[in-house]
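There are 2 protein chains.
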Amino acid sequence: MIGRLNHVAIAVRDIAAASRIYRDTLGARVSEAVAQPEHGVTTVFVELPNTKIELLEPLGDGSPINKFLERNADGGIHHVCYEVDDILAARDRLLATGARVLGSGEPKIGAHGKPVLFLHPKDFCGTLVELEQA
Amino acid sequence: MIGRLNHVAIAVRDIAAASRIYRDTLGARVSEAVAQPEHGVTTVFVELPNTKIELLEPLGDGSPINKFLERNADGGIHHVCYEVDDILAARDRLLATGARVLGSGEPKIGAHGKPVLFLHPKDFCGTLVELEQA
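Listed in order, the protein sequences are those of chains R and P. Residue 0 is where the first sequence starts when you use numbering that gives the first Met the number 0, and the numbers rise one by one after that. Residue 0 is where the second sequence starts when you use numbering that gives the first Met the number 0, and the numbers rise one by one after that.
Check before you lean on any hint, since a few could be wrong.
One copy or two, either will do: identical chains are not told apart, so a pair holds if it fits within one copy or between any two.
Under the rule of at most 25 Å between Cα atoms (straight-line distance), these lysine to aspartate or glutamate pairs were calculated in the DMTMM-like manner [said to hold, decoys possible]: (1) Lys113 x Glu69; (2) Lys121 x Glu46; (3) Lys121 x Glu31; (4) Lys66 x Asp122; (5) Lys113 x Asp73; (6) Lys66 x Asp84; (7) Lys113 x Asp91; (8) Lys107 x Glu31; (9) Lys113 x Glu46; (10) Lys121 x Asp23; (11) Lys121 x Glu69; (12) Lys121 x Asp91; (13) Lys107 x Asp60; (14) Lys66 x Asp23; (15) Lys121 x Asp73; (16) Lys113 x Glu37; (17) Lys66 x Asp85.
The hints are simulated quantities; they were obtained by calculation from the structure and are not laboratory data. Note that the structure is a prediction, hence the values are computed from the model and not measured.
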């Protein structure tokens with residue numbers, strides 16, 4: 000069912016500093032920072048040959064990564080995103096196994112403009128999993 | 000400098016259960032479990048079209064992931080591994096920027112039979128980074 004690893008998301012306190020680490024220290028290609036107020040984050044993409052790293056900085060008091068950064072003061076790996084061909088079929092298959100989908104269970108449009116869902120970390124090895132329609 | 004994302008490593012308490020989650024629930028191709036006593040872990044690889052997920056279960060009292068699992072009872076994302084063409088050149092470039100390499104600073108042979116180094120999470124957005132010779 001799951002296909003490509005679309006991205007690994009890393010939550011950071013200071014996205015300008017994190018961009019410099021990935022660009023200058025690790026020598027990777029790094030996008031401009033883009034504020035995504037509807038998702039409560041500012042994003043930078045680190046483009047690797049086979050996938051990407053998504054750097055996330057909180058945007059606003061209700062940011063979904065505020066709590067994570069309270070628990071992880073230096074930042075850290077926040078989630079992995081796997082692509083699926085059919086997000087509704089994937090969701091229904093997962094629900095049938097007893098796995099929990101976060102929120103309403105209806106896909107939302109994610110930071111890349113495609114439908115996404117998040118799965119409960121307790122059901123997936125302590126890992127927050129995002130599914131994105133390929 | 001950094002190239003492909005070689006793998007994302009997820010530490011788990013029960014690798015048989017984690018394998019079932021990735022194989023049966025998420026529908027991915029999953030390798031057999033392999034004990035790697037010299038690394039203090041048992042590994043399973045989840046093969047995705049563009050990269051892999053490495054599931055890690057502690058093996059022995061001195062396992063390098065024991066502490067992580069004490070702090071993360073359900074398991075969690077442990078590290079990311081980026082490929083580099085020349086691991087000694089990469090190390091020297093990183094050291095010149097003031098970044099910290101863990102251990103002796105000399106590459107060891109990793110779980111894939113290639114030279115690897117680990118970088119200090121405090122210098123890389125709270126993320127444990129493994130570099131592997133491509």
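Hints versus structure:
1. Lys113 x Glu69: neither (29 Å within a copy, 36 Å between copies)
2. Lys121 x Glu46: between (30 Å within a copy, 22 Å between copies)
3. Lys121 x Glu31: Answer is between: at 23 Å across copies they meet the 25 Å cutoff, but 34 Å inside does not.
4. Lys66 x Asp122: Intra 20 Å, inter 21 Å, cutoff 25 Å: intra and inter.
5. Lys113 x Asp73: Close neither inside one copy (30 Å) nor across copies (29 Å); limit 25 Å.
6. Lys66 x Asp84: So Lys66 and Asp84 fail the 25 Å test inside a copy (31 Å) and across (37 Å) alike.
7. Lys113 x Asp91: Within one copy, since 18 Å is at most 25 Å while 41 Å is not.
8. Lys107 x Glu31: Answer is within: at 24 Å inside a copy they meet the 25 Å cutoff, but 35 Å across does not.
9. Lys113 x Glu46: This pair counts as both: shortest intra-copy Cα distance 19 Å, inter-copy 24 Å.
10. Lys121 x Asp23: between (36 Å within a copy, 16 Å between copies)
11. Lys121 x Glu69: both (20 Å within a copy, 16 Å between copies)
12. Lys121 x Asp91: Only inside one copy: Lys121 and Asp91 sit 18 Å apart there, 40 Å across copies, limit 25 Å.
13. Lys107 x Asp60: within (21 Å within a copy, 44 Å between copies)
14. Lys66 x Asp23: neither (29 Å within a copy, 31 Å between copies)
15. Lys121 x Asp73: The answer is both: 23 Å in one copy and 7 Å across copies each meet 25 Å.
16. Lys113 x Glu37: Within one copy only: 14 Å inside, 43 Å across.
17. Lys66 x Asp85: Result: close neither inside a copy nor across copies, 31 Å intra and 38 Å inter.
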